[in-house]
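Based on the provided sequences and hints, a complete structural model is requested.
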Amino acid sequence: MSDPQSDDPTTDREMDAALEEAERKARAEEDADPEERVAVRDDDTGGITEERAQ
Numbered sequence: 267m268s269d270p271q272s273d274d275p276t277t278d279r280e281m282d283a284a285l286e287e288a289e290r291k292a293r294a295e296e297d298a299d300p301e302e303r304v305a306v307r308d309d310d311t312g313g314i315t316e317e318r319a320q
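Numbering-wise (our numbering), the sequence shown opens with residue 267 and increments by one.
These aren't lab readings, by the way, just hints derived from the structure by calculation. It is possible that part of the hints are untrue.
[Said to hold, decoys possible] Simulated restraints on C-beta separations:
#1 E317 - A284: 23 to 33 Å
#2 Q320 - E286: 15 to 25 Å
#3 E289 - A319: 16 to 26 Å
#4 T311 - D273: 26 to 36 Å
#5 D273 - E316: 47 to 57 Å
#6 K291 - T311: 26 to 36 Å
#7 D274 - E295: 27 to 37 Å
#8 I314 - E289: 25 to 35 Å
Cβ atoms here follow ideal geometry from the backbone N, Cα and C, with glycine treated the same way.
Rendered as structure tokens:
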């Protein structure tokens, strides 16, 4: 098991990246328009449908 107090810079970068991604996702959810619609392409059929953004 790794030491949580490790001075390994790789671990610090991974933790920073994970935190930044979580913060980015939280901001995106806060900024989301509940009525926003997106076009979604079905890879199997090639058809395009419109649905609510999540």
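Right, here's what the structure says about each hint:
1. E317 - A284: 23 to 33 Å: Holds, at about 29 Å.
2. Q320 - E286: 15 to 25 Å: holds (21 Å)
3. E289 - A319: 16 to 26 Å: Holds - the Cβ-Cβ distance for E289 and A319, about 20 Å, lies within 16 to 26 Å.
4. T311 - D273: 26 to 36 Å: violated (52 Å)
5. D273 - E316: 47 to 57 Å: At 50 Å between Cβs, range holds.
6. K291 - T311: 26 to 36 Å: For T311 against K291, whose Cβ atoms are near 30 Å apart, the range 26 to 36 Å holds.
7. D274 - E295: 27 to 37 Å: Holds, since D274 and E295 (Cβ atoms, about 32 Å apart) stay within the stated range.
8. I314 - E289: 25 to 35 Å: holds (32 Å)
Against the hints set out earlier in the document, a violation occurs for number 4 only.
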